[in-house]
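Student: Starting from the known structure of chain A, fit chain B onto it as the hints suggest.
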Amino acid sequence: MDHASVLTPDLVRGNIDTMILKTLLQGDHYGYRIAKMIAAGSDGQYEPKEATLYSSLRRLEANGWVEPYWGDETQGGRRKYYKITAAGRHAHTASKAQWERAKSLLDTLL
Amino acid sequence: MTHRIDTLLDELFAPYQGLAPAQELRAEIRLDLIERFQDLLATGVEESAALDTVRKSVGNLQEILSDLQEEHMADASRPAPAPAPPGLTQFNASVLRNADLRGVMVEQGNFKASQLRGADFTDAVLRGASFKASDLTDAIFDGADLTGADLASANAKNGSFKGTNLTYARLSHAALRNADLSSAVLVGTQIKFADLRGALFDGNTLTGVAFDGANLTGASFRGTSLTHVSFRHVSRRSVGSMAFGGTTMDRLTYTLLTANGGRPSGDITIL
Numbered sequence: 001m002d003h004a005s006v007l008t009p010d011l012v013r014g015n016i017d018t019m020i021l022k023t024l025l026q027g028d029h030y031g032y033r034i035a036k037m038i039a040a041g042s043d044g045q046y047e048p049k050e051a052t053l054y055s056s057l058r059r060l061e062a063n064g065w066v067e068p069y070w071g072d073e074t075q076g077g078r079r080k081y082y083k084i085t086a087a088g089r090h091a092h093t094a095s096k097a098q099w100e101r102a103k104s105l106l107d108t109l110l
Numbered sequence: 001m002t003h004r005i006d007t008l009l010d011e012l013f014a015p016y017q018g019l020a021p022a023q024e025l026r027a028e029i030r031l032d033l034i035e036r037f038q039d040l041l042a043t044g045v046e047e048s049a050a051l052d053t054v055r056k057s058v059g060n061l062q063e064i065l066s067d068l069q070e071e072h073m074a075d076a077s078r079p080a081p082a083p084a085p086p087g088l089t090q091f092n093a094s095v096l097r098n099a100d101l102r103g104v105m106v107e108q109g110n111f112k113a114s115q116l117r118g119a120d121f122t123d124a125v126l127r128g129a130s131f132k133a134s135d136l137t138d139a140i141f142d143g144a145d146l147t148g149a150d151l152a153s154a155n156a157k158n159g160s161f162k163g164t165n166l167t168y169a170r171l172s173h174a175a176l177r178n179a180d181l182s183s184a185v186l187v188g189t190q191i192k193f194a195d196l197r198g199a200l201f202d203g204n205t206l207t208g209v210a211f212d213g214a215n216l217t218g219a220s221f222r223g224t225s226l227t228h229v230s231f232r233h234v235s236r237r238s239v240g241s242m243a244f245g246g247t248t249m250d251r252l253t254y255t256l257l258t259a260n261g262g263r264p265s266g267d268i269t270i271l
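Protein sequence lines, in the order shown, are assigned to chains A and B. Per this note's numbering, the first sequence runs over residues 1 to 110. Per this note's numbering, the second sequence runs over residues 1 to 271.
Chain B on its own, in the form it takes in the complex:
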């Protein structure tokens, strides 16, 4: 009979798997639910009705677990686990237009929703930093380390990312029109649904990068090597207008690139 309760708990606690305090709470609540279930059955309530009452007696677990979860998420290891160093890390909603931030070390820094137009982050160490929804138009990240950084929905039009480490960085929905990502390190990088019109990926080695749904019209991949790169839902027109030359890619990448019927032009070697 207790398996009915355990199944219910599996369902209720599914979003909190791996959260140790949630397991303690679960153990405590479990005994309550079993007792409630038994009490109801003892008064002649039919089993499915009793289970329904038990389910309703739990209430909104989010109320108690959301704080615990936030603490836990902050500690959870990421692709680039790095504790926030002592010192300043909170720059959200700042106005730092054209700021000279060359070589700064702000791991896990919070630059969300900041105005960083034209800011210069050359050679800065920004592992795990968040630039979510920031204005990075004309910003310079040449040689910077943005491993695991979050640039989702950022506006980085004309941004310069030459030789930038973007391993496991998230750039989905970012505006990267005419951005220069030549020689950037792109491993496991998410650039889905981004505006990449005229962006440069020349001379890069791209591994496990997702360009799904991105607008790549006029983007350049000259001298680029692509492995396991995903181009799902990239329009036929985008594919036809991309600039290839001296490009190498694996069969899988080529298949994904041409799946929509797009015909890439230029010199591509399939490995």
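Next up, chain A with everything else stripped away, as it sits in the complex:
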């Protein structure tokens, strides 16, 4: 389950912002770690591409939902870590509730 190229329909990828917020609820991480944790959390069924990951992180940053800061690595280049903000926690709760509503609606429609 190194690198999931399994099916990643738009429905899944479309929720990348919420997935990243959920990941950051467990602690601050840099890009690759976030991708790996999402992959692990889905048993390797979904792992976001770098492009998807960073376009989401930029969006989240613009919304004030995550905050980047530089790590203090001394070897191999400093990493940019992302921290979830209070607004980001609210956003995660809200979009999770929204998903629950959408899910029960789709269950009746599909």
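Everything labelled a hint here was simulated from the structure, so no lab data went into it. Backbone N, C-alpha and C define an ideal beta-carbon position, used for all residues, glycine too. Careful: at least some of the hints might be erroneous.
Stated by the list, open to error - Here's a subset of chain B near chain A, in silico, CB distances under 10 Å, partners left out:
1. Ile34
2. Arg36
3. Ile64
To be verified - Simulated crosslink set (EDC-like; lysine to aspartate or glutamate; CA at most 16 Å straight-line):
4. B:Lys162 <-> B:Asp123
5. A:Lys36 <-> B:Asp39
6. A:Lys83 <-> A:Asp107
7. A:Lys80 <-> A:Asp28
8. A:Lys36 <-> B:Asp212
9. A:Lys80 <-> B:Asp123
10. A:Lys80 <-> B:Glu46
11. A:Lys80 <-> A:Glu61
12. A:Lys83 <-> A:Asp28
13. A:Lys83 <-> A:Asp72
14. B:Lys56 <-> B:Glu35
15. A:Lys80 <-> B:Glu24
16. A:Lys83 <-> A:Glu67
17. A:Lys22 <-> A:Glu61
18. B:Lys192 <-> B:Asp212
Unchecked claim - Beyond 12 Å from chain A on every Cβ pair, some chain B residues (computed):
19. Pro21
20. Arg97
21. Ala243
Tutor: Only chain B this time, still in chain A's reference frame:
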């Protein structure tokens, strides 16, 4: 080992060279790719297979960089760098037939796909403006400044460009049949694959102009001075029917003009 990743990044980011935000993204992604590569090698994956997996993990960079690139392109300096002035600049898809626009100043104006048949832009300042794919039939640009303007694929049949400044303007694929470009300033102007049948270039000084693939049948270059003008893929028949007289050109231009075997008639002085 990191050089394998840098080579891959060079390739992926080649279209975005000079785009500062892309360099930031590249630095961030670089460390991710190195770590991914090392992780794969550590689990015993063979190097070329690991690199292939790393490459696939990047995804579509266009998704994230296209917006940045557009912003950047808008700021990038052009041959005629001029910030859009305050006021109206957006006229795309407008209907301005026979409009009186003499002397207007609309630098960087957007007139794309507009209907400007018969419009009068005499002495207007239209540096960097775009008239791409517009209908400019019978339009008048006499004395106007069209430096760096884009008239690609415009229809300017019978258009009047007397004394117009067309420095670094793009007129490729334009319809300029019977257009009058006498005394226009043509420096670095691109007029490739244009329809220039019967067009007039009399009394001009043409420098670095590209007429490649244009139809120049019956076009007139009387009293014109041509330097480093390119006529590649202009048909033999076109060359034979062009009107010269009191024309001067450098050796290079003459060679390009006659490269297809065309024999220009009239009085040409080769400098």
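Student: So, for every hint listed, does it hold in this structure?
Tutor: Taking the hints in turn, this is what the structure says about them:
Taking 10 Å as the C-beta contact cut-off toward chain A, the hint placing Ile34 of chain B at the interface holds, the least distance being around 7 Å. Taking 10 Å as the C-beta contact cut-off toward chain A, the hint placing Arg36 of chain B at the interface holds, the least distance being around 6 Å. Interface hint status for Ile64 of chain B: upheld, as the beta-carbon distance to the closest one in chain A is roughly 4 Å, under 10 Å. Restraint check: the Cα-Cα separation between Lys162 of chain B and Asp123 of chain B comes to about 10 Å, which is no more than 16 Å; the hinted pair holds.
With a CA separation close to 11 Å, the supplied pair Lys36 of chain A and Asp39 of chain B stays within the 16 Å bound. Simply put, Lys83 of chain A and Asp107 of chain A have alpha-carbon atoms about 34 Å apart, too far for the 16 Å limit, and the pair is violated. With a C-alpha separation of about 10 Å, the suggested pair Lys80 of chain A and Asp28 of chain A falls inside the 16 Å cut-off, and the hint holds. For the hint pairing Lys36 of chain A with Asp212 of chain B, the CA-to-CA distance comes to about 54 Å; that exceeds 16 Å, so the pair is violated.
As the CA atoms of Lys80 of chain A and Asp123 of chain B are separated by approximately 55 Å, the hinted pair breaks the 16 Å bound. Straight-line distance between C-alpha atoms of Lys80 of chain A and Glu46 of chain B comes to about 29 Å, which puts the hinted pair past the 16 Å bound. A distance of roughly 13 Å separates the Cα atoms of Lys80 of chain A and Glu61 of chain A; the hinted pair therefore holds under the 16 Å criterion. For the given pair, Lys83 of chain A sits about 5 Å from Asp28 of chain A by alpha-carbon distance, which is consistent with the 16 Å threshold.
For the hint linking Lys83 of chain A to Asp72 of chain A, the alpha-carbon distance of about 15 Å falls within 16 Å, and the restraint holds. About 15 Å separates the Cα atoms of Lys56 of chain B and Glu35 of chain B, which keeps this hinted pair within 16 Å; it holds. Distance restraint check for Lys80 of chain A and Glu24 of chain B: the Cα-Cα separation of roughly 11 Å lies within the 16 Å cut-off, and the hinted pair is therefore satisfied. Between Lys83 of chain A and Glu67 of chain A, the direct Cα distance comes to roughly 5 Å. Compliance with the 16 Å bound is thereby established for this hinted pair.
With a C-alpha separation of about 15 Å, the suggested pairing of Lys22 of chain A with Glu61 of chain A holds against the 16 Å cut-off. Using a Cα cut-off of 16 Å, the hinted pair Lys192 of chain B and Asp212 of chain B holds, with the two alpha carbons roughly 5 Å apart. A cut-off of 12 Å between C-beta atoms contradicts the statement that Pro21 of chain B is not in contact with chain A; the least separation is 9 Å. For Arg97 of chain B, the requirement that its beta carbon stay farther than 12 Å from each beta carbon of chain A is met, with the minimum near 44 Å.
For Ala243 of chain B, the non-interface assignment is confirmed: its Cβ lies about 56 Å from the closest Cβ of chain A, beyond the 12 Å cut-off.
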